[in-house]
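Given only the sequences and the hints, what does the whole structure look like? Please build it.
Here the protein sequences come in this chain order: D and V. Numbered by this note's numbering, the letters in the first sequence go through residues 1 to 306 in order. Numbered by this note's numbering, the letters in the second sequence go through residues 1 to 258 in order.
What the hints contain is simulated information worked out from the structure, not anything from laboratory work. Every value quoted in this text rests on a predicted model; they were computed, and no experiment measured them. Hints may contain errors.
Unchecked claim - The following residues of chain V were derived to be distant from chain D, with all beta-carbon distances above 10 Å:
| hint | residue |
| --- | --- |
| 1 | P24 |
| 2 | G36 |
| 3 | S64 |
| 4 | A137 |
Stated by the list, open to error - Listed next, the in silico SDA-like pairs over lysine to any residue satisfying Cα-Cα at most 25 Å (straight line):
| hint | chain 1 | residue 1 | chain 2 | residue 2 |
| --- | --- | --- | --- | --- |
| 5 | V | K136 | D | R234 |
| 6 | V | K136 | D | T233 |
| 7 | V | K136 | D | G237 |
| 8 | V | K136 | D | S297 |
| 9 | V | K129 | D | R235 |
| 10 | V | K129 | D | R234 |
| 11 | V | K136 | D | H287 |
| 12 | V | K136 | V | F186 |
| 13 | V | K136 | D | A285 |
| 14 | V | K136 | D | R238 |
Unchecked claim - Restraint-style ranges between C-beta atoms, simulated for each label pair:
| hint | chain 1 | residue 1 | chain 2 | residue 2 | range |
| --- | --- | --- | --- | --- | --- |
| 15 | D | F282 | V | Y20 | 39 to 49 Å |
| 16 | V | E93 | D | P76 | 39 to 49 Å |
| 17 | V | W112 | D | I280 | 36 to 46 Å |
| 18 | V | A61 | D | G275 | 38 to 48 Å |
| 19 | D | V64 | V | G15 | 50 to 60 Å |
| 20 | V | E93 | D | L169 | 19 to 29 Å |
| 21 | D | L75 | V | W112 | 28 to 38 Å |
| 22 | V | T23 | D | A91 | 22 to 32 Å |
| 23 | D | I280 | V | D135 | 30 to 40 Å |
| 24 | V | A172 | D | L165 | 39 to 49 Å |
The beta carbon of each residue, even a glycine, is placed where N, CA and C say it ideally should be.
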Amino acid sequence: MSASLLDVLLLRAGYNTSLVLVACALLGGAAGMIGTFTVLRGRALVSDALSHAALPGVALAFLVGMAVFGNGRSLPLLMTGASLSGVLGLAGIQWLTRSGRLPEDAAIGAVLSVFFGVGVVLLTVVQSLDSGDQGGLMHFIYGQAAALRASDAQAIAVTGGGAVLVMLLLFKELKALTFDPVFAATLGLPVGRLDFLLMLLLGAVTIVGIQAVGILMIVALIVIPPVAARFWTRRLGRMTLLASLFGASSAGFGAALSAVVVGLPTGAAIVLIAGGVFAISFVAAPHRGLVARGLRSRRVPVEALS
Amino acid sequence: MDAMLATSYPLTIEGLSVAYEGTPALRDVSWHLGRGTIAAIVGPNGAGKSTLMKAVLGLVAVQSGSVVLFGGGISDNRDRVAYVPQRAGVDWEFPVSALDVVVMGLTRRIGWLRRVRGGHRAAAMNALKAVGLTDKADAPIGALSGGQQQRVFIARALVQDADLYLLDEPFAGVDAATEGVIVDVFRQLKKQGKSIVVIHHDLGTVKHYFDEVLLLANRKVASGPVDETFTDANLVAAYGGRLAVIGPRDAQPSPVPA
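Pasting the structure below:
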């Protein structure tokens with residue numbers, strides 16, 4: 001890779017690289033925004049379950065593509081497979097929670113690891129096929145934004161931008177739903193449909209993002225930005241905005257970094273940057289940060305601390 | 001019951017039964033509430049009080065019987081009914097201010113795709129004023145005391161400008177000042193001809209705060225004006241041997257500021 005990090009960030013490293021960067025930033029912004037609502041609604045792990053459960057679908061869709069069209073690496077096909085098996089995984093979690101009376105976290109753990117295991121086995125099968133372009137499939141695990149085609153990047157950008165637009169238009173309703181769903185229902189808001197929409201947006205952002213960010217780390221892009229943003233503000237609007245900015249910059253920088261550093265998976269780069277943002281927020285944020293709280297507690301008499 | 005009369009009542013319940021996973025929570029409850037009435041629902045834990053309120057609001061499935069609000073169904077009367085849920089049901093660390101929470105009461109009235117405007121915030125400030133919390137409008141809800149949080153919930157219901165108010169244990173765990181404010185709000189609403197139903201636990205204040213009482217123990221034990229209905233015999237029927245644990249029944253209410 002000959003372009004420098006600065007060239008990449010300033011969108012001077014060619015059309016494709018620039019497109020990928022913009023797409024990743026939009027994806028990160030959408031992920032931070034949808035993450036704010038899902039974290040506050042207590043559904044953060046749904047994204048993790050969904051992405052892991054998507055892997056067998058990706059591999060199966062590739063195999064179907066090979067058998068039918070002679071080429072498996074078609075984005076619509078792979079995304080369809082990912083969505084189908086992701087939804088199957090979520091349905092499995094719901095079934096285990098309701099009928100098997102398992103706690104939800106245990107059900108999520110069981111389903112996501114089994115689906116992921118099946119996916120890895122299927123990927124091994126795909127690897128042995130020697131079709132020439134199955135290498136791209138491994139990117140689904142760790143993420144490789146540089147390997148995105150222009151059409152992939154456009155799909156990510158459109159999905160991310162669309163999700164942000166929908167959430168902005170329904171912000172007031174989503175706020176009421178997330179804070180107090182029972183009260184929202186008594187107002188006559190269609191809480192079931194709004195909740196479903198939230199899950200749909202989360203699912204779309206997750207599925208469309210796994211190719212760039214990777215199955216293992218997409219959850220970080222959903223969870224870390226809102227959690228970091230929470231340290232800086234006590235208002236939902238500002239938290240949403242900050243989470244979007246944190247997500248967009250983490251994803252943008254991460255994608256740029258992985259474009260410059262040969263062999264660095266995008267997901268890892270994004271998570272490292274998001275983790276840095278979180279660490280700074282945790283320590284340095286006014287009021288809620290570690291330093292601010294430490295300074296405050298010094299002023300409190302010792303007996304009040306125990 | 002006379003059909004014309006039934007349509008004029010804010011709330012009419014006929015033969016209402018509700019069950020959770022086969023376990024009956026309410027059996028054959030009939031009750032009605034007049035205009036400008038403050039009513040208490042009283043009964044032991046698990047008597048179906050919250051369930052009754054949720055059935056009225058259409059939040060739980062009704063097994064049999066009917067709920068009529070202002071002569072219609074709940075879906076036709078959403079904007080005439082305001083609900084104050086139990087305070088414990090929400091995350092008070094949620095990143096919103098007191099004013100934000102009150103504005104949420106207007107979500108439906110503002111309408112889809114429309115923004116919260118100055119007029120909406122002014123209406124919410126008015127509601128906060130009615131519960132004595134104007135100075136806390138911008139405070140994060142997590143920084144408020146339990147009593148203040150309850151008052152924010154009351155303000156959220158007030159801003160809905162409803163005709164029937166349903167409150168689930170508004171006095172639970174609040175300070176005396178808040179209790180006084182809430183009782184004052186009830187009396188203001190009653191003066192405007194609004195009707196109020198309150199799930200209530202403090203048997204000592206029933207006679208001071210309420211006009212009517214509905215005694216529940218999964219079925220209706222008794223209902224009617226407090227003086228006639230809130231009797232030892234009916235209380236024993238509702239609570240059984242557990243009554244002694246509930247405490248004195250004629251304690252003085254908290255002082256209500258004028």
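These are the hints, each one checked on the structure:
1. Distance check on P24/V: its Cβ is at least 22 Å (rounded) from any Cβ of chain D, clearing the 10 Å threshold; non-interface status holds.
2. Non-interface status of G36/V relative to chain D is upheld: no Cβ of that chain comes within 10 Å, the nearest being about 22 Å off.
3. Residue-level check passed: S64/V sits 22 Å from the nearest beta carbon of chain D, beyond 10 Å.
4. Every beta carbon of chain D lies more than 10 Å from that of A137/V, the smallest distance being close to 13 Å; the non-interface claim holds.
5. Of the supplied pair hints, the one linking K136/V and R234/D holds, its CA atoms being roughly 14 Å apart against a limit of 25 Å.
6. A hinted pair counts as satisfied when its Cα atoms are at most 25 Å apart, and K136/V with T233/D qualifies at roughly 17 Å.
7. Simply put, K136/V and G237/D have alpha-carbon atoms about 19 Å apart, close enough for the 25 Å limit, and the pair holds.
8. For the hint pairing K136/V with S297/D, the CA-to-CA distance comes to about 24 Å; that is within 25 Å, so the pair holds.
9. Distance hint between K129/V and R235/D is fulfilled; the C-alpha atoms sit about 21 Å from each other, no more than 25 Å.
10. At roughly 22 Å between alpha-carbon atoms, K129/V and R234/D fall within 25 Å of each other, so this suggested pair holds.
11. Proposed proximity of K136/V and H287/D is supported: the alpha carbons are some 18 Å apart, at most 25 Å.
12. A threshold of 25 Å between alpha carbons decides the hint, and for K136/V with F186/V the separation of about 21 Å falls inside it, so the pair holds.
13. Between K136/V and A285/D the alpha-carbon distance is near 23 Å, which keeps this suggested pair within the 25 Å criterion.
14. For a cut-off of 25 Å, the pair hint linking K136/V to R238/D stands: about 19 Å separates their Cα positions.
15. Taking the beta carbon of each, F282/D and Y20/V are about 42 Å apart, inside 39 to 49 Å as hinted.
16. At roughly 42 Å, the beta carbons of E93/V and P76/D sit within the given window of 39 to 49 Å.
17. The hinted range of 36 to 46 Å is satisfied by W112/V and I280/D, whose Cβ atoms lie roughly 38 Å apart.
18. Distance hint check for A61/V and G275/D: the Cβ-Cβ separation is about 46 Å, which falls inside the suggested range of 38 to 48 Å.
19. A C-beta distance of roughly 57 Å is found between V64/D and G15/V, which places it inside the suggested range of 50 to 60 Å.
20. Roughly 27 Å separates the CB atoms of E93/V and L169/D, a value that falls within the hinted 19 to 29 Å.
21. In this structure the supplied range 28 to 38 Å holds for L75/D paired with W112/V, their Cβ-Cβ distance being about 33 Å.
22. At roughly 27 Å, the beta-carbon separation of T23/V and A91/D lies within the given 22 to 32 Å, and the hint holds.
23. Under the hint 30 to 40 Å, the C-beta atoms of I280/D and D135/V, about 34 Å apart, fit the expected range.
24. At roughly 42 Å, the beta carbons of A172/V and L165/D sit within the given window of 39 to 49 Å.
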